[in-house]
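Protein chains: 2
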Amino acid sequence: MVFKLYYWDGIPGRGEFVRLALEEAGADYVDVARQPGGTGAMLTLMKDARDAAAPFAPPFLVDGERLISHVANILFYLGPRLGLAPEDEGLRYVANGLQLTITDCVAEVHDTHHPIGVSLYYEEQKPEASKRAANFLSERLPKYLGYFERVLTQNPKGPAHSVGGQMSYVDLSLFQVVEGLRYAFPHAMRSNEEQVPALVALHDAVAARPRILSYLGSDRRLPFNESCIFRRYPELDLPS
Amino acid sequence: MVFKLYYWDGIPGRGEFVRLALEEAGADYVDVARQPGGTGAMLTLMKDARDAAAPFAPPFLVDGERLISHVANILFYLGPRLGLAPEDEGLRYVANGLQLTITDCVAEVHDTHHPIGVSLYYEEQKPEASKRAANFLSERLPKYLGYFERVLTQNPKGPAHSVGGQMSYVDLSLFQVVEGLRYAFPHAMRSNEEQVPALVALHDAVAARPRILSYLGSDRRLPFNESCIFRRYPELDLPS
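Chains as they are written, first to last, in our numbering: chain A, 73 to 312; chain B, 73 to 312.
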């Protein structure tokens, strides 16, 4: 069965957390909106007046008859099917809890440049973005990074993974969080990374995995840009 | 087995979505932080340096050896155990996707009074809150309500439930969303509710269920207040 991933073309965004899992597993998938006519097909599906599972927003995954929305939900579904979830049922809920903390972190990163409204341009909310980003960098960023570091160092199976003794989709998502934060806030990350060595080591280990390495060098990997969640606006970062 | 729910005392907040499921099922549970010494016990658990599943924030649920964090994750876990999830596995992912859309909606409601930072008082971010709330009420509120209405009316099993043909935790959460929005934005809700009759009918049906009715009249049900997610600041609502 070919998995169909639906997400906005042109940005890594929230879709990237799903792509990384599909790529690491070597899964057969189509990134629908990046095919000719794909964005139209995605919008049609979202407006389908008959579909009981119509999603609120991308990303969503279609697997045969099933349509599954929200990153954490997609990964909870895909994890066991791709060999990227813990075997133990209890640990699967731990993984899902961690993924939902990542979801919250990503939403807060988005709001550093969009604190007033998603429908407005960044340029329409710059003074507010400046305040929100300052608050995020001084309080929330160290809190999230410290929490993820703690999860790794408290893992009874060792700090190489976030849940259990094997690679999971949570590890892949943490890699992407570090990548995105380094893109958006290079100075702030430089002054925080020393405090989170296990998280940095996990990032580097994921980046070196053969399938991820090959994916990162391919044109399937979209570069970060200023239409994405992680945006580089130097005025929102710490001074160099 | 007695479920232990950990959440801040004094507010319904995010804990309420879990409480409603436990109450509807007549489950045996303890609302830990509302017991003597309970908040201290909760904070101790959150700081536990040995726990691999240490949560980022309340609410979390303890079921024997398991600690499960995040509302949607707790409900995904509890749903089948309380008879409040669809039997069909595919529909369980639909339910989880809906619950995650509710999670996003609740986070946006929170940010109407806290657009700059959770660590600041509302009084420190009033001008920004005014802008964010105006954007929320004009664009996001109708979008969320319309989406939930659509989910109900497109349910092949009929509009009385959000997923499948039976009451689920998603229905209970939608009740709470309507309750909270009516508390926070009474004028805005008055001008929106006519467009979402199925959602209002679902709210009323949940409120009339015997165990919910009894719960709502008990002192276990905490009133909304201005320390909660749903806050009544008349200056953020539409004019009457």
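Because the hints were derived from the structure by calculation, they are not lab data.
Worth double-checking, as some hints may not be accurate.
If we take Cβ atoms under 7 angstroms as the criterion, some of the chain A residues that face chain B in the derived model are [to be verified]:
1. Trp80
2. Phe128
3. His142
4. Leu172
5. Gln238
Glycine included, each C-beta is placed from N, C-alpha and C at the ideal position.
*asked:* Taking the earlier hints as the rules, which of them does this structure contradict?
replied: Of the numbered hints given earlier, those the structure breaks are 1 and 5, listed in rising order.
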